[in-house]
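Number of protein chains: 2
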Amino acid sequence: MAMFFNIFSLKNLLVLSLALNVSLVLRVLYEKDFEVNNGRSVDNQKDALTTTDSVLSEARATQRARPSMPSSSSTVDGDGGDTIINLDHGDPTMYERFWQQTGDKSTIVIPGWQSMSYFSDAGSLCWFLEPEFAKEIIRLHKTVGNAVTEDRYIVVGTGSTQLYQAVLYALSPQDAVEPRSVVSAAPYYSSYPLITDCLKSGLYKWAGDARSFNKEGPFIELVTSPNNPDGYVRQSVVNKSGGILVHDLAYYWPQYTPIASAANHDIMLFTVSKSTGHAGMRIGWALVKDVEVAKKMVKFVELNTIGVSKDSQLRAAKVLQVVIHSCQYPTSLGSLFDFAAHLMEERWKLLRAAVRQSGLFTLPEFSPGSCSFLNRSFAPQPAFAWLKCQEPMEDCEGFLRSNNIITRSGKHFGVSPQFVRISMLDRDENFHIFVERLSTIHLRQSVQVEETDGGVE
Amino acid sequence: MAMFFNIFSLKNLLVLSLALNVSLVLRVLYEKDFEVNNGRSVDNQKDALTTTDSVLSEARATQRARPSMPSSSSTVDGDGGDTIINLDHGDPTMYERFWQQTGDKSTIVIPGWQSMSYFSDAGSLCWFLEPEFAKEIIRLHKTVGNAVTEDRYIVVGTGSTQLYQAVLYALSPQDAVEPRSVVSAAPYYSSYPLITDCLKSGLYKWAGDARSFNKEGPFIELVTSPNNPDGYVRQSVVNKSGGILVHDLAYYWPQYTPIASAANHDIMLFTVSKSTGHAGMRIGWALVKDVEVAKKMVKFVELNTIGVSKDSQLRAAKVLQVVIHSCQYPTSLGSLFDFAAHLMEERWKLLRAAVRQSGLFTLPEFSPGSCSFLNRSFAPQPAFAWLKCQEPMEDCEGFLRSNNIITRSGKHFGVSPQFVRISMLDRDENFHIFVERLSTIHLRQSVQVEETDGGVE
Numbered sequence: 001m002a003m004f005f006n007i008f009s010l011k012n013l014l015v016l017s018l019a020l021n022v023s024l025v026l027r028v029l030y031e032k033d034f035e036v037n038n039g040r041s042v043d044n045q046k047d048a049l050t051t052t053d054s055v056l057s058e059a060r061a062t063q064r065a066r067p068s069m070p071s072s073s074s075t076v077d078g079d080g081g082d083t084i085i086n087l088d089h090g091d092p093t094m095y096e097r098f099w100q101q102t103g104d105k106s107t108i109v110i111p112g113w114q115s116m117s118y119f120s121d122a123g124s125l126c127w128f129l130e131p132e133f134a135k136e137i138i139r140l141h142k143t144v145g146n147a148v149t150e151d152r153y154i155v156v157g158t159g160s161t162q163l164y165q166a167v168l169y170a171l172s173p174q175d176a177v178e179p180r181s182v183v184s185a186a187p188y189y190s191s192y193p194l195i196t197d198c199l200k201s202g203l204y205k206w207a208g209d210a211r212s213f214n215k216e217g218p219f220i221e222l223v224t225s226p227n228n229p230d231g232y233v234r235q236s237v238v239n240k241s242g243g244i245l246v247h248d249l250a251y252y253w254p255q256y257t258p259i260a261s262a263a264n265h266d267i268m269l270f271t272v273s274k275s276t277g278h279a280g281m282r283i284g285w286a287l288v289k290d291v292e293v294a295k296k297m298v299k300f301v302e303l304n305t306i307g308v309s310k311d312s313q314l315r316a317a318k319v320l321q322v323v324i325h326s327c328q329y330p331t332s333l334g335s336l337f338d339f340a341a342h343l344m345e346e347r348w349k350l351l352r353a354a355v356r357q358s359g360l361f362t363l364p365e366f367s368p369g370s371c372s373f374l375n376r377s378f379a380p381q382p383a384f385a386w387l388k389c390q391e392p393m394e395d396c397e398g399f400l401r402s403n404n405i406i407t408r409s410g411k412h413f414g415v416s417p418q419f420v421r422i423s424m425l426d427r428d429e430n431f432h433i434f435v436e437r438l439s440t441i442h443l444r445q446s447v448q449v450e451e452t453d454g455g456v457e
Numbered sequence: 001m002a003m004f005f006n007i008f009s010l011k012n013l014l015v016l017s018l019a020l021n022v023s024l025v026l027r028v029l030y031e032k033d034f035e036v037n038n039g040r041s042v043d044n045q046k047d048a049l050t051t052t053d054s055v056l057s058e059a060r061a062t063q064r065a066r067p068s069m070p071s072s073s074s075t076v077d078g079d080g081g082d083t084i085i086n087l088d089h090g091d092p093t094m095y096e097r098f099w100q101q102t103g104d105k106s107t108i109v110i111p112g113w114q115s116m117s118y119f120s121d122a123g124s125l126c127w128f129l130e131p132e133f134a135k136e137i138i139r140l141h142k143t144v145g146n147a148v149t150e151d152r153y154i155v156v157g158t159g160s161t162q163l164y165q166a167v168l169y170a171l172s173p174q175d176a177v178e179p180r181s182v183v184s185a186a187p188y189y190s191s192y193p194l195i196t197d198c199l200k201s202g203l204y205k206w207a208g209d210a211r212s213f214n215k216e217g218p219f220i221e222l223v224t225s226p227n228n229p230d231g232y233v234r235q236s237v238v239n240k241s242g243g244i245l246v247h248d249l250a251y252y253w254p255q256y257t258p259i260a261s262a263a264n265h266d267i268m269l270f271t272v273s274k275s276t277g278h279a280g281m282r283i284g285w286a287l288v289k290d291v292e293v294a295k296k297m298v299k300f301v302e303l304n305t306i307g308v309s310k311d312s313q314l315r316a317a318k319v320l321q322v323v324i325h326s327c328q329y330p331t332s333l334g335s336l337f338d339f340a341a342h343l344m345e346e347r348w349k350l351l352r353a354a355v356r357q358s359g360l361f362t363l364p365e366f367s368p369g370s371c372s373f374l375n376r377s378f379a380p381q382p383a384f385a386w387l388k389c390q391e392p393m394e395d396c397e398g399f400l401r402s403n404n405i406i407t408r409s410g411k412h413f414g415v416s417p418q419f420v421r422i423s424m425l426d427r428d429e430n431f432h433i434f435v436e437r438l439s440t441i442h443l444r445q446s447v448q449v450e451e452t453d454g455g456v457e
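These protein sequences, in sequence, are chains F and L. For the first sequence, full-length UniProt numbering begins at 1 and goes up steadily by one. For the second sequence, full-length UniProt numbering begins at 1 and goes up steadily by one.
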């Protein structure tokens, strides 16, 4: 007991008690949503306050019961923040809950003798595109109204990552004297420079921030809208001729941003990972105006992987069918977009409350816009939080890591390490542990400082 | 009638009748196998001799009933060879028959909420490898005895094509002064040079035939065994130090070649396309000894496609399970390997008979070897026929194309256009039309020459 009082002074206990209060206030805010989750999480949380071991075994049991591993995230907390919460990737596991309630409707059955050939539609331009999937892509865009599909070729890819490379290959002449410059306005998607330069291609080369690009000659400008990492709606920023625009519209869906109008660009990239949440499928698609560009993209996918998994395309077709049906005949959770938009709205409210509470960070502010699909006006609620640490903290990623929250540093996005990107798409329990921990970081830090002052090893 | 006699002289008719006889002899040879197919093909063939239109509509009906389009091949013939038979690709559709008889045992069911995360096994070196699939890979190699799996890392890829690029990336230092040379003994797989050089990488560069390679410095030698296109068992041919060997063992399965012993190389590539016939899955795997090489390969797949379709991996696991079970408890068709080995043996007999009949071509000859898996001795019966046109024909691909048989010219494999590569893995009906047509080409050519002589336009 003497030891106890030695470590925890009354002042320390007061700070700890304050932290608990903040946590309880936050809990009241999201209790309703938490209960909806799986009818078990609230109990888990309560247990977590009393004993760590039981929660650990509960979490392990949950892992076993789950169809997929809980990715790189952890589901355990309430032990004073010892457990690592990994929000580095945009792993869209928050969508599992929607798909669970669709039941058999979204189940795919593939007999052993089906889809054995390399070819899906031998006579068509994209010979490895499953016609059924192509049909659902068009129906989905028509339903949501987020992209023009008329007079476009569809090219399917092993995720939009492969299509990004297919686009670079298609837009860079084989006989050019020097590699074509590839630019995007900072903060840009951290994978763009890595993918572009990983093979030291003689066809194309990463040339950094589009805003400071001033090299002569042709170039490729990537316009990611809404932007990864910061969520803002974007347009081309390079103010000179000779550029070809590539629009990465992975996040142009009504759960993340108001759908202002149907995008009508020459090259548009989409992915199921961020629209339906099926990242494990590795399926993306491009809508391409120019037939020669589309042909070269097909050629790239042929050289790179001889087409795209038919199984995943068939599953994607089924999943899009269910999404479209959910828009026409919404269930108790609403359409997929209602479900996800509602969840994103709640999560952003919680995140902003936690950030206010902590006082150590800032978040982007967005203006509301009218959404033609959801028939209401709302502010963007992006798939990533682009968090900035307040001065004097320089290394936001390192600071959060010391609090067992794994994020991606701004330096990978071409900007200052004061920023970090945080996934907003993880499972409910992880997200809630994250906001809870974030809200108390200031207090925790104080406790830690006090503890250190108190001479604890 | 005057017109009829004008076109067809008695001599012409004699030649035509001879051609029909050869065709009927061949039919007797494969009638049994043909009947097994689906109990309908023989009738199709008979119809084909009387009316083209009915066969065309039959073929279209077959297409509709089929799970997948009949790839780039056609199923119609008996109309004098007007229909195009495409054997350019190694599309392994001959395996459909095996998988049809496995029924529900090989069916995969994936609910909508399953496998949504990017991650399959977050903690493991290859974080996107489904553990269930990894387990079946090891069991399969142990069952067949064709590769050592102990002390190896498994890296999964979107087909072995992606793994080939992953290997090049892994073996080429990022800071090298010049690109690493990549060689393979001609005739080499036609895609190697195209894939290696398509992005003009600064890391590696195609350097052609390994036999004539004499550049100083480190290099990568691809050893494809049995070889694509010619089917011979191979070993390294470059006789100097500084080389790293990559073994492409896509065809090292008992249906193609006797399994002499378990391959025990540093880097070995495999694919389901040529082992089970599931090309549409786009799934390959590498067995890699060195942890650093394995790590870099994983990095490449991460950059290239952020992992590999989980759906296809789960389906591949199921399919391998059924293959292993078929070895332990063979059905009426035997194990998958019995089925395919039997089919390849029959096909090679038919092909050799047709080649003898035509007198225009030659084929590789193979010595028999003892197979530890099938417990008998047999000569290789490769997945491709490496056909050589006799003098004075220079352009074998062009010659066969003029007979509506699409093959791949030897020039793409680094050798003379007197050679062509022909897939032996197409569906039964296409293969039989092909050998029938090949056997009568000499006669057809004579007819054509006669006809031309007779003044037909």
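Possibly wrong hints are sitting among the right ones.
Heads up, the list lumps identical chains together, so a pair's fine if it works in one copy or across two of them.
[Unchecked claim] Listed next, the in silico SDA-like pairs over lysine to any residue satisfying Cα-Cα at most 20 Å (straight line):
# : residue 1 : residue 2
1 : K318      : T107
2 : K318      : V109
3 : K135      : T149
4 : K299      : H412
5 : K299      : S191
Everything labelled a hint here was simulated from the structure, so no lab data went into it.
Hint-by-hint comparison with the structure:
no.: 1; hint: K318 with T107; result: both (8 Å within a copy, 17 Å between copies)
no.: 2; hint: K318 with V109; result: both (10 Å within a copy, 13 Å between copies)
no.: 3; hint: K135 with T149; result: within (11 Å within a copy, 43 Å between copies)
no.: 4; hint: K299 with H412; result: between (30 Å within a copy, 17 Å between copies)
no.: 5; hint: K299 with S191; result: between (23 Å within a copy, 12 Å between copies)
Comparing the model with each earlier hint shows no violations; every hint is respected.
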